[in-house]
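Undergrad: I would like the entire structure built from these sequences, with the hints used as guidance.
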Amino acid sequence: MRGNRMLAIRNLTQTRRALGALAAGAAALALTLAIAAPALAQAAHPYPERAPLDQYRLPSQADEVALARSAAPPAISDKAEVLVLGAQGYETAANGTNGFVCIVERSWASGFDDAAFWNPKIRGPICFNPASVRSVLPTYLQRTRWVLAGDSKAGLVDKTKAAIAAGQIRPPEAGAMCYMMSKGGYLGDDAGGGGHWHPHLMFFVPHDAAGATAWGANQHGSPVMGGDNTDIDPAVVYFVVVSTWSDGTPGPMMGM
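Counting in our numbering, the sequence shown runs from 63 upward without gaps.
Hints may contain errors.
Claimed, not checked - For each label pair, taking beta carbons as the anchor points, the in silico distance ranges come out as:
#1 Asn-160 <-> Gln-123: 20 to 26 Å
#2 Gly-148 <-> Pro-312: 32 to 38 Å
#3 Ala-276 <-> Asp-116: 19 to 25 Å
#4 His-282 <-> Pro-312: 20 to 26 Å
#5 Gln-150 <-> Ser-122: 14 to 20 Å
#6 Pro-312 <-> Ala-276: 28 to 34 Å
#7 Ala-224 <-> Gly-273: 25 to 31 Å
For the record, the hints were derived by calculation from the structure and aren't laboratory data. Since this is a predicted model, take the numbers as computed values, not measurements. Each residue gets a CB set at the ideal place from its N, CA and C atoms; glycine is no exception.
TA: Shown next as structure tokens:
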């Protein structure tokens, strides 16, 4: 799904470190969202199978709503619809008026090859704009329903491939993007900053669109990162780190 953004966040972190800087890219999360070192990817996966479902839940619906809204500035998230994880999938906890939808993604938003695919600690607060609500979010919501129904990762891969072939999973619409500006999330065991990495925006583009070079991504001094996608998802995710968290407090400095 678009969820390779979380793996992308982790891979980009290691890329920027190799360049003398910090970076990200996920899963699609991906990606969102979670940053795993190459050493972690090369080692045995620390989360080889799904944990008991209770480990993926927050203490209360109110906690999940608050965390979901923290993904974007209040001017956006206060008017957004909020979905929370239920017994069979995501459920509406608050109606919205601006077309945005805020949720807390779990680890299965990651790419299928992500070592943290079943990491029960991951919490990725994210607010989707209307274009991504229509063309990106539905894929994650469907994957969640499959997960809660008990599908294995292999089963998820098969169902995803079938959905793409049937045209049920399509490339993102023009203008699809989201906010990930929460300092309360946990994007991975190697994310840094207590697991919440950096406040950032993500932009979703079709997989066959112009590559990273056309975006000026991953260049020294460029704020644009990402563009790689080895997952089966027909989307590419680009990241732009911003300077403040959604509450207006400064985010950590991004090494260039």
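Undergrad: Next, verify each hint and record whether it holds.
TA: Going through the hints against the structure:
1. Asn-160 <-> Gln-123: 20 to 26 Å: holds (21 Å)
2. Gly-148 <-> Pro-312: 32 to 38 Å: Since the Cβ atoms of Gly-148 and Pro-312 sit about 35 Å apart, the hinted range of 32 to 38 Å holds.
3. Ala-276 <-> Asp-116: 19 to 25 Å: violated (45 Å)
4. His-282 <-> Pro-312: 20 to 26 Å: holds (23 Å)
5. Gln-150 <-> Ser-122: 14 to 20 Å: Holds: the Cβ-Cβ distance is about 19 Å, inside 14 to 20 Å.
6. Pro-312 <-> Ala-276: 28 to 34 Å: holds (31 Å)
7. Ala-224 <-> Gly-273: 25 to 31 Å: holds (28 Å)
Of the numbered hints stated above, the single one contradicted by the structure is hint 3.
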